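Student: Could you slot chain S onto chain B? The hints should help.
Chain residues, written in single-letter form:
Protein chains: 2
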Amino acid sequence: MAYLEKLFNPTSVAVIGASRTPGKIGYAIVNNIISSGYHGNLYPINPREEEILGKRCYKKVSEVPEVVDLAVLSVPVSLVLEVAKECGRTGIRNLVVITAGFKEVGKEGAALEEELNQIVKEYKMRMLGPNCLGLMDTYTPINASFSANSPLKGEIAFLSQSGALCASILDWSLQKGLGFSKFVSLGNKADLNEADFIADAAEDPYSRVIVGYIESVVEGERFVQVARKASLKKPIILIKSGTSKAGAQAASSHTGALAGSDQAYETAFKQSGILRARSMEELFNLAIAFATQPIPKGDRVAIVTNSGGPGIIATDNVEHQDLKMARFTKETVDNLRKNLPLEANVYNPVDVIGDADERRYAFALNTVLADPGVDSVLVLLTPTATLDPLKVAGVIIDIRKNFPDKPVVTAFMGGTKVVEAAERLSRSNIPCFPFPEPAIGSLAGLVRYNQHRLEAKEEREYSFLGEKRRVADIFREVRDLDRVVLLGSEGAEVLAHYGITVAPTSLAVTPEQAATFAEEVGYPVVLKVASPKILHKTDVGGVKLNLNSSGEVERAFVDILDNVHHYLGNVQICGIEVQKMVPRGRELIIGMKRDVQFGPLLMFGLGGIYVNLLKDVSFRLAQGLTQREIERMIRETKAFTLLKGFRGDAPADVKSVVETIGQVAQLVRDFPEITELDINPLLAYEKGVSALDVKITIAS
Amino acid sequence: MAYLEKLFNPTSVAVIGASRTPGKIGYAIVNNIISSGYHGNLYPINPREEEILGKRCYKKVSEVPEVVDLAVLSVPVSLVLEVAKECGRTGIRNLVVITAGFKEVGKEGAALEEELNQIVKEYKMRMLGPNCLGLMDTYTPINASFSANSPLKGEIAFLSQSGALCASILDWSLQKGLGFSKFVSLGNKADLNEADFIADAAEDPYSRVIVGYIESVVEGERFVQVARKASLKKPIILIKSGTSKAGAQAASSHTGALAGSDQAYETAFKQSGILRARSMEELFNLAIAFATQPIPKGDRVAIVTNSGGPGIIATDNVEHQDLKMARFTKETVDNLRKNLPLEANVYNPVDVIGDADERRYAFALNTVLADPGVDSVLVLLTPTATLDPLKVAGVIIDIRKNFPDKPVVTAFMGGTKVVEAAERLSRSNIPCFPFPEPAIGSLAGLVRYNQHRLEAKEEREYSFLGEKRRVADIFREVRDLDRVVLLGSEGAEVLAHYGITVAPTSLAVTPEQAATFAEEVGYPVVLKVASPKILHKTDVGGVKLNLNSSGEVERAFVDILDNVHHYLGNVQICGIEVQKMVPRGRELIIGMKRDVQFGPLLMFGLGGIYVNLLKDVSFRLAQGLTQREIERMIRETKAFTLLKGFRGDAPADVKSVVETIGQVAQLVRDFPEITELDINPLLAYEKGVSALDVKITIAS
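Chains as they are written, first to last, in our numbering: chain B, 1 to 700; chain S, 1001 to 1700.
One or more hints might be untrue.
As the list claims (entries may be wrong) - Here are the simulated DMTMM-like cross-link-like pairs (lysine to aspartate or glutamate), alpha carbons at most 20 Å apart as the crow flies:
1. B/176 to S/1420
2. S/1024 to B/355
3. B/644 to S/1539
4. B/615 to S/1636
5. S/1024 to B/388
6. S/1615 to B/559
7. B/537 to S/1649
8. B/176 to S/1636
9. B/615 to S/1587
10. B/107 to S/1420
11. B/638 to S/1587
12. B/655 to B/673
13. B/655 to B/357
14. B/544 to B/512
15. B/176 to S/1423
16. S/1024 to B/357
Hints were generated in silico from the structure; no laboratory data involved. Since the structure is predicted, the reported quantities are computational estimates derived from the model, not experimental observations.
Bound conformation, chain B alone:
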């Protein structure tokens, strides 16, 4: 049983605020439930009516002779709380609150919504809305909404945070003949949100693909968990808007500066296997492809065309979309050559040339579909005098039945001459596009999902047992000193407690301490002024490199203090950091910025002073981060090319880099008070790594 079974498939429904007056929302809901063919018991509730649309009307939901599975509320906003309470007392477990006037109208509404949610929780109810269009399920069937249209039956579970978009899409889908299993207007998402409906649709036997429009995610970490699991079962395609608002909060770290406001969503979608559509059009092209086509076994595409130009365009797009042009077997090539005209191209793309009829198309399509090296097929058609597009559509529909495991999509390019054929194809579950590019784009979506499903296993999070208590002590000390930014030596200590190799670093408050530490760790060492107030240490003479004796160290200590006071007067100084100079390695950066929705967002890439210039970075959420994902995160960057051994260099120790990222992930999961973290550079060697500079900021 799916998670929200009783919401979508209730045995009985009450519509509270039902109306006899056409044009009113309370009328539309009752009317939609009836005309959608709902089989269960329907109870309109209105204290002033005896009967609505042939159904006996009740004054209160508590007077209904049974405890209904679902109550749809369309009462004035001032009555919603009271009615919700009554539902709860009556034992009703599922609410759809249509009524608007909550969070979307401001502060007062938000308070009201909070109260409503309290009532829902108190009575252990679940609620869709408030401020929504309602929901539909074409298999129950039920249309518990005030939408002007009802969807066709199909295999797409659709959810939308915008009610207006629901109306548009329903209208559009009727024209295109596109069907839905479920159709949900999310409204304000006070209780049930996208995560719930994705979890539900994942279990729903009638939903083959989950498609949605969202503007935000309510519970980031849960959303990722749910989507990650669901995407192993069926594809999830979302469009996420609101990406343009440039991150307003000032960023004090490299990671903060490089992770734009949309980065966390982008990462969360990628990491949970959600296909992110870049446009409404792509959303629906993908939805149609997933709802009608099998998932292909691989990325090898064959193209059958009756003209060169469109064939070239399609071939270009195969490469642009990271797909491969199938290479035919000798048998296929021979067979095509024997049976197609001399001028035909028997290699991929197969050109059956301008005078082809439907039989020639049939032969070519059959032959390439039978080739074991072909995973999916695109059929292109341009109108010619010798061709009846409708007949070509017919043979495509017939032939694809013999190859149920291979997706077939089409692009019939033209106007009046192909419109009927295109409709026939669509009705027979073969997507037909007006141009080659979206056809290849939809195949690419199928292939990408297949790759995700093959690669993503339910894997365990990479974990590490850090010295939690020791780190907590450091943070407490820092806070006690009224600081939020850790000194380099403190940061190094934190990392060390989580197993990360750091260049030996210590804080000295006297020249003698500095020299003692230097003697301990060995020369050469570097001295750096330690002060939360000084950002550019070099500029104020706050750094001395290559010190080779205790004498040099003591002298440098004094010099640095002199320099800093010369430039900055009586600036606050915590001491001087002494760090053993380690050999040069490949410079990397590992960073973290805490996202308000999705928690810690990790960054990896080329490090050093040019990190903000080169912007060679990749991101992952720390939550649920697996070793495989860390490896993928590294591979996405140019830094990986460097690590593998660029220009004849020996390969660096990638395994240690993976471990370090995993350890940082554990650290930031264990300590929600870490708001930002930068290790830059992390030096990678042929064996091992060494964290050179670390900056950790904690919440005050």
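Tutor: Coordinates of chain S only, in the frame set by chain B:
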């Protein structure tokens, strides 16, 4: 008079190979000319007929009572040469050769095409084709093609290298109500090619935008010259296919490796102001926008919507497309606030909310169009109960008349409920899209063209008077020595002759010579083995750095020879290069690869050993390269950020970098025998630059 006036607007036409038999090409052409309403004299030519479609038929074109302006040839391929000669002798100046069987069928056909072209040249004729559909001009009017459809009258000049695509697009355009001024099937482009038709359409008063599909460009440099000039007058939008074939030729330079096979086209289009469409759909969205909308003055977009979600999607896209959301004046905001409901959003995007009718739309649209801070407007609509989309279309059509200088595009989202309104808008020259993204995309195209037109002036090529003869001498010497790759010292000399500052470099064949040169230029110096056979000099001990005295230099000389012979045996060595060590600067690369179509293609970007890793490069054709373009080329890279002064560095001498690129451009224009060139690194200082390593390859 436009360049190809007599081809598109002939006073008289002969159709050679005319036929009485419907279904034959020779029939279709005569029929199309007649039914297109052609006013001039039409002479069908067929030795076996007296009359065709009511027109008197002639046996030969030489028997026609006048010298026709245009002859359309649809005779068997075996007769084409003879007929073309006859046309030439008769004094005919324009041919359209429909007949196929030339270059497209292989070697023999290519030879035939070459002969045909010779005849065309001999008689000073111009020819479209062979192997084409023909041409159409809706203002003449004439349809001199065998297409099954005739285009609607409009302002788009269309050219296509694919005949099948012509047929598809015509069929499609009739369904969409899209009109054309000219419609040309380019065929094999033996004589007239895309450059000719672009030049012609640029002068044509009836063509407002030039749109085309091409697979290749015949005369690269002329194409760029023509398009550059034409694009100042009217927009050119092209889709170029065949981008996927990975460059097959092995590349021996960084520039060769980084400039993919499509890079020269990409660069040529950019540099000549051509808007390159990424898909067929984008091609036509842009075509429609340019054919119907004024060019906006700036990039500030206002959005009027009746629902939030689509407004957010559109706002996202404004940013993604590098446009700006208009900021309204106080007056506009006050006016909107006074007249719209309380819940409406009076800032951009203006949300007239769900219960809006056409009057509310009218008010909002009028108000934002009147705002001086608004350059263009997108109207979004989702169907609601209170709204008649057709009436909204009506008010948009009315209002936009009062603002003829501001583009207005629309996205009416829905199906049956909006279809009529969308058609009405399209018929009234207001583009209506099904989703917000293509609407914003089309505005972005208009804005981009406006920016191009504002920035691109008919500017002079950046030129430099190099010591041509001295460089020619060096190349001759290198060739005499049977080499194609110049030694570093030779390359440095070449650059120096073109005014480029190089680190002093000389070739020494004895230790004493090396020491003498070092004494001359001053210490420290570096010694490098000079051999065309040794690629990785460091790996074989072929480099010695930081030499500070004549003794060290002499010793290093001997050491290098020993090392190299130890590693590589009796490898060919030309001597040892002595180079003065120059201070470290910001590392850049300037490179050149000669493109077979477009000539020398320059590259600029971050240099050093990581150039292939970082891939931070931009490209320009050397041909016609202006100072402004060089500056733009630099600004496109991250290297520019470095030059400006990154992390508090002082700015580097960008002016000298510009000069150096200009000097390299002149050098590679002056010497077509230079096939590849890399300066890596070019060091940029606060004052001046210095070329450190240069590799020049010349044709053998």
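Student: Evaluate each hint against the coordinates.
Tutor: Now the hints, each set against the structure:
no., hint, result
1, B/176 to S/1420, "16 Å, holds"
2, S/1024 to B/355, "14 Å, holds"
3, B/644 to S/1539, "19 Å, holds"
4, B/615 to S/1636, "15 Å, holds"
5, S/1024 to B/388, "18 Å, holds"
6, S/1615 to B/559, "42 Å, violated"
7, B/537 to S/1649, "15 Å, holds"
8, B/176 to S/1636, "43 Å, violated"
9, B/615 to S/1587, "18 Å, holds"
10, B/107 to S/1420, "41 Å, violated"
11, B/638 to S/1587, "19 Å, holds"
12, B/655 to B/673, "28 Å, violated"
13, B/655 to B/357, "58 Å, violated"
14, B/544 to B/512, "16 Å, holds"
15, B/176 to S/1423, "17 Å, holds"
16, S/1024 to B/357, "18 Å, holds"
Comparing the model with each numbered hint stated earlier shows that hints 6, 8, 10, 12 and 13 do not hold.
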